[in-house]
Amino acid sequence: MTPVLQAQNVSKIYDMGSTKIEALMNVDIEINKGEFVAIVGKSGSGKSTLMHILGLLDTPTEGEIILNGINTKGMTEKELAGVRNSEIGFVFQSFNLLQRTTVLDNVILPLKYSRVPSSEWEKKAKDVIEIVGLQNRLKNKSNELSGGQKQRVAIARAMVNDPSMILADEPTGNLDTKTGEEIINNFLKLNSQGKTIILVTHDDDLAKIAQRKIMLKDGCIVK
1 MTPVLQAQNV
11 SKIYDMGSTK
21 IEALMNVDIE
31 INKGEFVAIV
41 GKSGSGKSTL
51 MHILGLLDTP
61 TEGEIILNGI
71 NTKGMTEKEL
81 AGVRNSEIGF
91 VFQSFNLLQR
101 TTVLDNVILP
111 LKYSRVPSSE
121 WEKKAKDVIE
131 IVGLQNRLKN
141 KSNELSGGQK
151 QRVAIARAMV
161 NDPSMILADE
171 PTGNLDTKTG
181 EEIINNFLKL
191 NSQGKTIILV
201 THDDDLAKIA
211 QRKIMLKDGC
221 IVK
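Read left to right, the sequence shown gives residues 1 to 223 (UniProt numbering).
Honestly, I wouldn't trust all of these hints.
Result set (SDA-like, lysine to any residue): computed pairs, CA atoms no more than 20 angstroms apart in a straight line [as the list claims (entries may be wrong)]:
| hint | residue 1 | residue 2 |
| --- | --- | --- |
| 1 | K139 | Q93 |
| 2 | K213 | L190 |
| 3 | K189 | K217 |
| 4 | K213 | M51 |
| 5 | K33 | S11 |
| 6 | K112 | Q93 |
| 7 | K33 | K139 |
| 8 | K217 | A7 |
| 9 | K124 | L109 |
| 10 | K42 | L188 |
| 11 | K126 | S86 |
| 12 | K141 | Q93 |
| 13 | K141 | Q99 |
| 14 | K208 | E170 |
| 15 | K213 | L188 |
| 16 | K141 | R100 |
| 17 | K42 | F92 |
| 18 | K141 | V128 |
| 19 | K112 | A81 |
Note that these hints are calculated values from the structure, not bench results.
Given only the sequences and the hints, what does the whole structure look like? Please build it.
Structure, rendered in C-alpha coordinates:
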(Lines of atoms letter the chains of each structure in order from A and count residues from 1; the text may use other names and numbers.)
(Lines give C-alpha, C1' and ligand atoms only; values in the text may rest on other atoms or scores of the structure.)
Protein backbone atom coordinates (compact mmCIF):
# COMPACT_ATOMS: atom_id res chain seq x y z
CA MET A 1 0.00 0.00 0.00
CA THR A 2 1.01 3.61 -0.56
CA PRO A 3 1.49 5.73 2.59
CA VAL A 4 -0.66 8.86 2.52
CA LEU A 5 0.53 10.13 5.87
CA GLN A 6 3.57 9.43 8.02
CA ALA A 7 4.35 10.84 11.45
CA GLN A 8 7.96 10.12 12.31
CA ASN A 9 9.23 10.44 15.89
CA VAL A 10 6.74 13.23 16.62
CA SER A 11 6.84 14.97 19.99
CA LYS A 12 5.02 18.07 21.19
CA ILE A 13 6.12 19.95 24.29
CA TYR A 14 4.27 23.02 25.55
CA ASP A 15 6.47 25.46 27.44
CA MET A 16 4.41 26.97 30.28
CA GLY A 17 7.22 28.99 31.82
CA SER A 18 8.59 26.95 34.71
CA THR A 19 6.56 23.94 33.59
CA LYS A 20 6.88 21.87 30.42
CA ILE A 21 3.96 19.70 29.33
CA GLU A 22 4.79 16.71 27.12
CA ALA A 23 1.62 16.30 25.08
CA LEU A 24 3.13 13.79 22.62
CA MET A 25 6.26 11.68 22.90
CA ASN A 26 8.01 9.92 20.01
CA VAL A 27 4.85 9.06 18.07
CA ASP A 28 5.27 7.05 14.85
CA ILE A 29 2.27 6.49 12.59
CA GLU A 30 1.88 5.37 8.99
CA ILE A 31 -1.51 5.56 7.29
CA ASN A 32 -2.00 4.03 3.87
CA LYS A 33 -4.17 5.11 0.98
CA GLY A 34 -7.75 3.94 1.41
CA GLU A 35 -7.48 3.07 5.11
CA PHE A 36 -10.08 3.93 7.74
CA VAL A 37 -8.15 4.57 10.96
CA ALA A 38 -9.48 5.60 14.37
CA ILE A 39 -7.27 7.47 16.84
CA VAL A 40 -8.67 6.95 20.32
CA GLY A 41 -7.86 7.91 23.88
CA LYS A 42 -9.32 9.49 26.97
CA SER A 43 -9.31 13.22 27.62
CA GLY A 44 -5.70 14.33 28.09
CA SER A 45 -4.26 11.41 26.14
CA GLY A 46 -2.85 13.66 23.42
CA LYS A 47 -5.24 12.75 20.63
CA SER A 48 -6.37 16.35 20.01
CA THR A 49 -2.75 17.50 19.84
CA LEU A 50 -1.97 14.66 17.45
CA MET A 51 -4.99 15.55 15.29
CA HIS A 52 -3.82 19.15 15.00
CA ILE A 53 -0.31 18.04 14.03
CA LEU A 54 -1.49 15.41 11.51
CA GLY A 55 -3.79 18.04 10.02
CA LEU A 56 -0.92 20.56 9.79
CA LEU A 57 -2.82 22.92 12.08
CA ASP A 58 0.13 22.82 14.48
CA THR A 59 3.81 21.89 14.18
CA PRO A 60 5.64 19.30 16.29
CA THR A 61 8.44 20.26 18.64
CA GLU A 62 10.40 17.31 17.27
CA GLY A 63 9.80 14.94 14.38
CA GLU A 64 8.32 15.16 10.90
CA ILE A 65 5.00 14.91 9.12
CA ILE A 66 5.21 13.52 5.59
CA LEU A 67 2.14 13.83 3.39
CA ASN A 68 2.12 11.98 0.07
CA GLY A 69 5.88 11.75 0.20
CA ILE A 70 6.36 15.47 0.87
CA ASN A 71 8.10 16.41 4.10
CA THR A 72 6.27 19.39 5.63
CA LYS A 73 9.02 20.22 8.12
CA GLY A 74 10.20 23.81 7.71
CA MET A 75 7.26 24.89 5.55
CA THR A 76 5.98 28.43 6.03
CA GLU A 77 2.44 28.96 7.35
CA LYS A 78 1.37 29.98 3.83
CA GLU A 79 2.79 26.77 2.40
CA LEU A 80 1.14 24.69 5.12
CA ALA A 81 -2.20 26.41 4.46
CA GLY A 82 -1.92 25.50 0.79
CA VAL A 83 -1.22 21.85 1.60
CA ARG A 84 -4.10 21.74 4.11
CA ASN A 85 -6.56 23.14 1.60
CA SER A 86 -5.59 20.78 -1.22
CA GLU A 87 -4.72 17.58 0.63
CA ILE A 88 -6.80 17.44 3.85
CA GLY A 89 -10.55 17.64 4.33
CA PHE A 90 -11.63 18.54 7.89
CA VAL A 91 -14.86 17.56 9.63
CA PHE A 92 -15.29 19.01 13.13
CA GLN A 93 -17.66 18.23 15.98
CA SER A 94 -19.05 21.79 15.88
CA PHE A 95 -19.50 21.75 12.05
CA ASN A 96 -17.68 25.13 11.56
CA LEU A 97 -20.07 26.34 8.87
CA LEU A 98 -20.85 29.95 7.98
CA GLN A 99 -24.27 30.24 9.59
CA ARG A 100 -25.95 32.78 7.28
CA THR A 101 -24.44 31.31 4.12
CA THR A 102 -26.13 28.80 1.82
CA VAL A 103 -25.20 25.13 1.66
CA LEU A 104 -23.80 25.65 -1.84
CA ASP A 105 -21.62 28.60 -0.83
CA ASN A 106 -20.35 26.82 2.30
CA VAL A 107 -19.15 23.93 0.15
CA ILE A 108 -17.67 26.23 -2.51
CA LEU A 109 -15.56 28.07 0.09
CA PRO A 110 -12.43 25.82 -0.02
CA LEU A 111 -12.40 26.05 -3.82
CA LYS A 112 -11.84 29.80 -3.57
CA TYR A 113 -8.39 29.07 -2.13
CA SER A 114 -7.56 26.35 -4.65
CA ARG A 115 -6.27 26.29 -8.20
CA VAL A 116 -9.64 25.09 -9.51
CA PRO A 117 -11.01 27.58 -12.08
CA SER A 118 -14.01 29.53 -10.75
CA SER A 119 -16.06 28.29 -13.73
CA GLU A 120 -15.92 24.79 -12.20
CA TRP A 121 -16.73 25.67 -8.58
CA GLU A 122 -20.50 25.28 -8.69
CA LYS A 123 -20.46 21.93 -10.51
CA LYS A 124 -17.85 20.44 -8.17
CA ALA A 125 -19.78 21.65 -5.12
CA LYS A 126 -23.09 20.31 -6.41
CA ASP A 127 -21.51 16.92 -7.17
CA VAL A 128 -20.33 16.39 -3.57
CA ILE A 129 -23.54 17.83 -2.10
CA GLU A 130 -25.43 15.19 -4.07
CA ILE A 131 -23.16 12.46 -2.66
CA VAL A 132 -24.25 13.41 0.89
CA GLY A 133 -27.89 13.64 -0.19
CA LEU A 134 -28.53 17.37 0.24
CA GLN A 135 -29.10 18.39 -3.38
CA ASN A 136 -32.56 19.67 -2.39
CA ARG A 137 -31.01 22.02 0.20
CA LEU A 138 -28.60 23.97 -2.00
CA LYS A 139 -30.11 27.37 -1.26
CA ASN A 140 -30.86 26.79 2.41
CA LYS A 141 -28.67 28.68 4.84
CA SER A 142 -26.81 26.48 7.29
CA ASN A 143 -28.71 27.94 10.27
CA GLU A 144 -31.88 26.49 8.71
CA LEU A 145 -30.54 22.91 8.85
CA SER A 146 -30.66 20.14 11.44
CA GLY A 147 -27.47 18.99 13.15
CA GLY A 148 -27.17 15.96 10.91
CA GLN A 149 -27.67 18.04 7.78
CA LYS A 150 -25.01 20.50 8.94
CA GLN A 151 -22.54 17.67 9.41
CA ARG A 152 -23.30 16.35 5.94
CA VAL A 153 -22.58 19.83 4.56
CA ALA A 154 -19.29 19.73 6.46
CA ILE A 155 -18.48 16.34 4.89
CA ALA A 156 -19.27 17.70 1.41
CA ARG A 157 -17.04 20.71 2.09
CA ALA A 158 -14.26 18.36 3.22
CA MET A 159 -14.55 16.39 -0.03
CA VAL A 160 -14.84 19.19 -2.54
CA ASN A 161 -11.09 19.56 -3.22
CA ASP A 162 -10.71 15.78 -3.59
CA PRO A 163 -8.24 15.62 -0.68
CA SER A 164 -5.81 12.80 0.04
CA MET A 165 -7.52 12.19 3.37
CA ILE A 166 -10.46 13.26 5.51
CA LEU A 167 -9.69 14.06 9.14
CA ALA A 168 -12.79 13.89 11.34
CA ASP A 169 -12.69 15.12 14.95
CA GLU A 170 -15.55 13.68 17.07
CA PRO A 171 -17.90 14.05 14.06
CA THR A 172 -20.92 12.62 15.89
CA GLY A 173 -20.28 14.34 19.24
CA ASN A 174 -23.09 16.89 18.87
CA LEU A 175 -25.60 14.51 17.29
CA ASP A 176 -28.21 12.11 18.60
CA THR A 177 -27.60 8.39 18.17
CA LYS A 178 -29.70 7.89 15.03
CA THR A 179 -28.26 10.94 13.26
CA GLY A 180 -24.77 9.91 14.33
CA GLU A 181 -25.28 6.53 12.69
CA GLU A 182 -26.29 8.24 9.45
CA ILE A 183 -23.09 10.31 9.50
CA ILE A 184 -20.98 7.22 10.17
CA ASN A 185 -22.65 5.51 7.20
CA ASN A 186 -21.55 8.47 5.09
CA PHE A 187 -17.93 7.91 6.16
CA LEU A 188 -18.19 4.17 5.50
CA LYS A 189 -19.55 4.89 2.03
CA LEU A 190 -16.71 7.30 1.28
CA ASN A 191 -14.14 4.79 2.52
CA SER A 192 -15.66 2.07 0.34
CA GLN A 193 -15.07 4.43 -2.59
CA GLY A 194 -11.36 4.62 -1.71
CA LYS A 195 -11.22 7.69 0.52
CA THR A 196 -8.70 7.66 3.37
CA ILE A 197 -10.46 8.47 6.66
CA ILE A 198 -8.86 9.35 9.99
CA LEU A 199 -11.38 9.46 12.82
CA VAL A 200 -10.40 11.03 16.16
CA THR A 201 -12.68 10.03 19.03
CA HIS A 202 -12.85 9.09 22.71
CA ASP A 203 -15.76 6.73 21.92
CA ASP A 204 -14.57 3.11 21.67
CA ASP A 205 -17.89 2.01 20.15
CA LEU A 206 -17.54 4.59 17.38
CA ALA A 207 -13.92 3.54 16.78
CA LYS A 208 -15.03 -0.05 16.10
CA ILE A 209 -16.17 0.90 12.61
CA ALA A 210 -12.57 1.63 11.59
CA GLN A 211 -10.29 -0.98 10.03
CA ARG A 212 -7.50 -0.09 12.46
CA LYS A 213 -7.40 1.58 15.86
CA ILE A 214 -4.50 3.59 17.31
CA MET A 215 -4.76 4.09 21.07
CA LEU A 216 -3.04 6.97 22.86
CA LYS A 217 -2.30 7.30 26.56
CA ASP A 218 -0.27 10.06 28.17
CA GLY A 219 1.04 11.20 24.79
CA CYS A 220 2.26 7.78 23.68
CA ILE A 221 0.88 5.07 21.42
CA VAL A 222 0.07 2.10 23.66
CA LYS A 223 -1.80 -0.13 21.20
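**Prompt:** Looking at the structure, which of the earlier hints fail to hold?
**Reply:** As far as the earlier hints go, 1, 3, 5, 6, 7 and 10 are violated by this structure, in ascending order.
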